[in-house]
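Throw the hints in and build the complete structure from the sequences for me.
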Amino acid sequence: MAGIRDILIAAKTGIFTSRAALELTSKNITNAGTEGYTRQTALLTPLPPSQIGVLFAGAKRERLAFLEKRMHEELQILKDFSAQKDLIDRIESLFSDNQGSGLLNSLDELFSAFEELSTNPEAPGLRQNVILKAQSFTFRLRETAESVANIRTETDKAIVQHIQEINSMLKQIATLNKKIAELQAGRENPNELKDQRDLLIRKLSELIDINTFETENGMINVYLKRGGHMLIDRDRAYSLTFEIDPTNQAKVVQQSEALHKIKYIDGKGNVWDITPFITGGTIGGLLKIRDKVTHDIILRLNSFARQIVKVFGSIQVRGVGISHPKEIISTYRASDSFTPINSAGLPYSATAGRLSIAVYDESGNLVSTFTIFYDPDVDGIGNIASLINGAAGNSGYVSASITPDNRLKIEATSGFKFDIYDDTGGLGVALGIDSFIVGANVFDIDVEQAFKENPQFLSSSSDPASPYSNDLALEFASLKTKKVDGTRTLIDIYLDIQNEIGNISSFLNVEVSARKLVVDTLEAEIQQRSGVSLDEEFIKTIEYQRAFEASARIVRISDEMLLTILGLAGGGG
Amino acid sequence: MRVPTRFLFETRKDSIIRNQTEVFKIQQQISSGLKLLKPSDAPGEFTLAKRIQVDISKLSRDLSDVNSALTFLRGKEEALSKVSDILAKAKLHAERGVDADSTEEMSSLASAVEELFSEAVEIANTSVAGRYIFGGSKIVPTGTSYKKPYDDAELDRTENWTSPKGINPNTTLGDALKIKEGRFLLSVFDPNGNLILSANISYTDSDTIVTVANKINTSGGGFVLASVSPNGKLQLSSSTPGFTFSITDDNMGLISELGGDGLPEYHGDSLSLSVEVYNSIIDITSDGRKIFGDPTKKVKGTLTILRDLIDILRFRNHEGSTRELLRSAVLQIEEAYELVNSERAKVGEKIAFLERREDLLNYLKTQQSIRKSNIEDLDMAEASANLTLKESITQASMIAAVRAFELTILRFI
Chain A
1 MAGIRDILIA AKTGIFTSRA ALELTSKNIT NAGTEGYTRQ TALLTPLPPS
51 QIGVLFAGAK RERLAFLEKR MHEELQILKD FSAQKDLIDR IESLFSDNQG
101 SGLLNSLDEL FSAFEELSTN PEAPGLRQNV ILKAQSFTFR LRETAESVAN
151 IRTETDKAIV QHIQEINSML KQIATLNKKI AELQAGRENP NELKDQRDLL
201 IRKLSELIDI NTFETENGMI NVYLKRGGHM LIDRDRAYSL TFEIDPTNQA
251 KVVQQSEALH KIKYIDGKGN VWDITPFITG GTIGGLLKIR DKVTHDIILR
301 LNSFARQIVK VFGSIQVRGV GISHPKEIIS TYRASDSFTP INSAGLPYSA
351 TAGRLSIAVY DESGNLVSTF TIFYDPDVDG IGNIASLING AAGNSGYVSA
401 SITPDNRLKI EATSGFKFDI YDDTGGLGVA LGIDSFIVGA NVFDIDVEQA
451 FKENPQFLSS SSDPASPYSN DLALEFASLK TKKVDGTRTL IDIYLDIQNE
501 IGNISSFLNV EVSARKLVVD TLEAEIQQRS GVSLDEEFIK TIEYQRAFEA
551 SARIVRISDE MLLTILGLAG GGG
Chain B
1 MRVPTRFLFE TRKDSIIRNQ TEVFKIQQQI SSGLKLLKPS DAPGEFTLAK
51 RIQVDISKLS RDLSDVNSAL TFLRGKEEAL SKVSDILAKA KLHAERGVDA
101 DSTEEMSSLA SAVEELFSEA VEIANTSVAG RYIFGGSKIV PTGTSYKKPY
151 DDAELDRTEN WTSPKGINPN TTLGDALKIK EGRFLLSVFD PNGNLILSAN
201 ISYTDSDTIV TVANKINTSG GGFVLASVSP NGKLQLSSST PGFTFSITDD
251 NMGLISELGG DGLPEYHGDS LSLSVEVYNS IIDITSDGRK IFGDPTKKVK
301 GTLTILRDLI DILRFRNHEG STRELLRSAV LQIEEAYELV NSERAKVGEK
351 IAFLERREDL LNYLKTQQSI RKSNIEDLDM AEASANLTLK ESITQASMIA
401 AVRAFELTIL RFI
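Residue numbers (the numbering used here), protein chains in the order written: chain A, 1 to 573; chain B, 1 to 413.
Simulated from the structure, these hints should not be mistaken for laboratory data.
Check before you lean on any hint, since a few could be wrong.
To be verified - Derived coverage of chain B by chain A (criterion: at least 3 residues anywhere in the stretch with Cβ under 8 angstroms from a Cβ of chain A; other residues may be distant): (1) 47-59; (2) 187-195; (3) 265-278.
No residue lacks a Cβ here, since even glycine has one placed at the ideal position from N, Cα and C.
Printed below as a string of structure tokens:
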């Protein structure tokens, strides 16, 4: 049977336990708003049957590991889509064409300018208008492609920054692993450190797709989900690095800043390219935008730009303007003067055909015409020059030569001018002579300088004897509805690009919303178990306070009992 | 179910932000008037709206072309109507010539036809919006060349010529005629029509009509004698009987400015300028020779017929052979009249076609605008109602959040 002393000891354990539980509750209350904090509950156990009282066995973290792992997986997907969505939103804004301000409107205005010119081909104002609209369109096209390329470059920089963040996180997690193991070995409470580690792992999984595995001593190993590369092995952190990729697709159409590969350094110092293995998290999303979406858009814009150069050029070189140049130098440089044109490194190719040159006197009267026949798979630019110089009907009016930097130069002798027309094989477009819009790719597309300086060079007539006719101006205008690749108009080609971006963006909007809902639901589940409810904690406070008061009262009662016993003892003496 | 405090706060915050985002989007839609703000709002519909926008722009351009073509064709129709009147009057004069019994009467009729001829030349040079409609594709004066469709820039072979117009002998060509540097070709022919002299004579804006006469005397090899009358008229005459001379290729139109020889030459071409209107090509200018001919090249047409009629009335007597020629002229006038009216009918058909096209284009434009509007325009009433609803929800969400935060046991202990 227990004595008064046992009752006092029991009351003491009650006081101590209540105080420890109250401390835990206070910790919960003060951390109610702390990110990553996990609610802790007091583990109270009765003392063995030989003793009276209660024991504070420790603080329990209310967290379910499997929910946290599921959260990692869902976050990797959500952040992948979110990163893509943020960037595609920026790209989409370049293609919105609202309020008549976009590329589509600019192209439409160019066609309208041509249509207007066709009604009055000799009007200088209308010719100037065509040139201005063409400049405006090519500028917008260039600007759009450059903006997409800039987004790609910024994305690459963001990837590099995130890699540095990841390395820092990996080090912190490894350090926490070590501390947690040490505390657990010393039977100390590592709960706060575990919270910090869980928070870091969650943030890591937002950036990259990982898996985790908890070891028996409380450490967590982290490795790449695809590829299985170990990022943290107990208390050791491996690191990621990045290096410029010389073969990156960014160079396909633009000599821009090279992009980076992501590398992994293993325990033996070997470096592995893990870029293809990162398919989730923010970095996974950024890589998809960088290597797929922006790349595809740039390629499609490039193809669109080259189509523009070809179709406008192929009409321009078929006719004459109302004023004629004295000298033309090709825009593009050949590798040399003798290699066939189609193999001479020029941006466009040609097919076998003929090209005619009309010679005019200073007053604009037609003096002579002559024709050369070329085969771009056989003739180099040197041959073309020879053909022009030796053509029957030339009679020295026009001479052709090759510049030191391998361009074809055609010039009229004093007192004469000339114009190229009836080019049936696209030689003018291939070399960039009298081609109206020039450029090897979307980043350098522009109106040829000669046309900016003299809009009268723009061809409106296919008949060199009647430069004021308007058949070619009409043909330029009809490009608006002409199917240039057999199935689509130029406007269709642009709208297809716009539509695809809209589809990607729309898909990402839906996915982000859906994934966010999943993450929110999961977070609700986690929070229901791990989150701190102030109301609950206050109730516990009252509960432990009352337990404390009760224990204190037992002490008092025990004291009174002792005094009573002592009083009895005193009365007997 | 446990409701952790932080979770409660976070979910309320997310809910408020989500509602505010939706309110912001509706506000954006209302301010722009558009339901579709970016391609991802509805990719298919957005692209369709843009296609329709391009169609509308093409229809607007076509309508503008129709208006422009109609202006030209109406101008052409009016010109042809005047030519028709001229030919009717000329026929009347020719018929009166057949019955004329005196040279004076013939001469008076010739003067009347000359007036009609001048009027016809003026009509042949009709321009609409500064552009000639009977010059083929050469429809405006350009560069240094003076190019009205019908311009009396040359002098046909003749023994004597006095310019109809004169200029002050002391005034330079630049001041008097605004002429710059130019040249013409003086040719001399023997009685058999063989060319015996050809000389290029140039002139500048600082020359006077007297210096031009001197240059002709110098370059004319003595075959052509040039002088200037007191009233500034240039007088040319052949020094040798039976020899004739001509002036051609006058690139700055000096001879034309002096009145020429009364025979306007066609300077246009055989092409036409056309506009494309909703898949149809409509010619708005035409080769003037089809109607007016070319008197210098003897190409038959209104001007050539009138010129011949003048010659018959002025230089023939009123005898039988003249009457036959006049009867023949009447027949030619009738043919020309038929031709002009047939051309008028064609122009009228084109006008009617374009007017129908204009109606059709306006209808299509309206329909496409409605389609576009249905796709991308915002229903303001619906949007306003949505905005009010969303604002109420946002407000309610905020109030609910505040209430939820207020409901804490703290207040009761």
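Against the structure, the hints come out as follows:
1. 47-59: holds (count 7)
2. 187-195: violated (count 0)
3. 265-278: With 6 residues close enough to chain A, the hint holds.
Hint 2 from the earlier list is the only one contradicted by this structure; the remaining hints agree with it.
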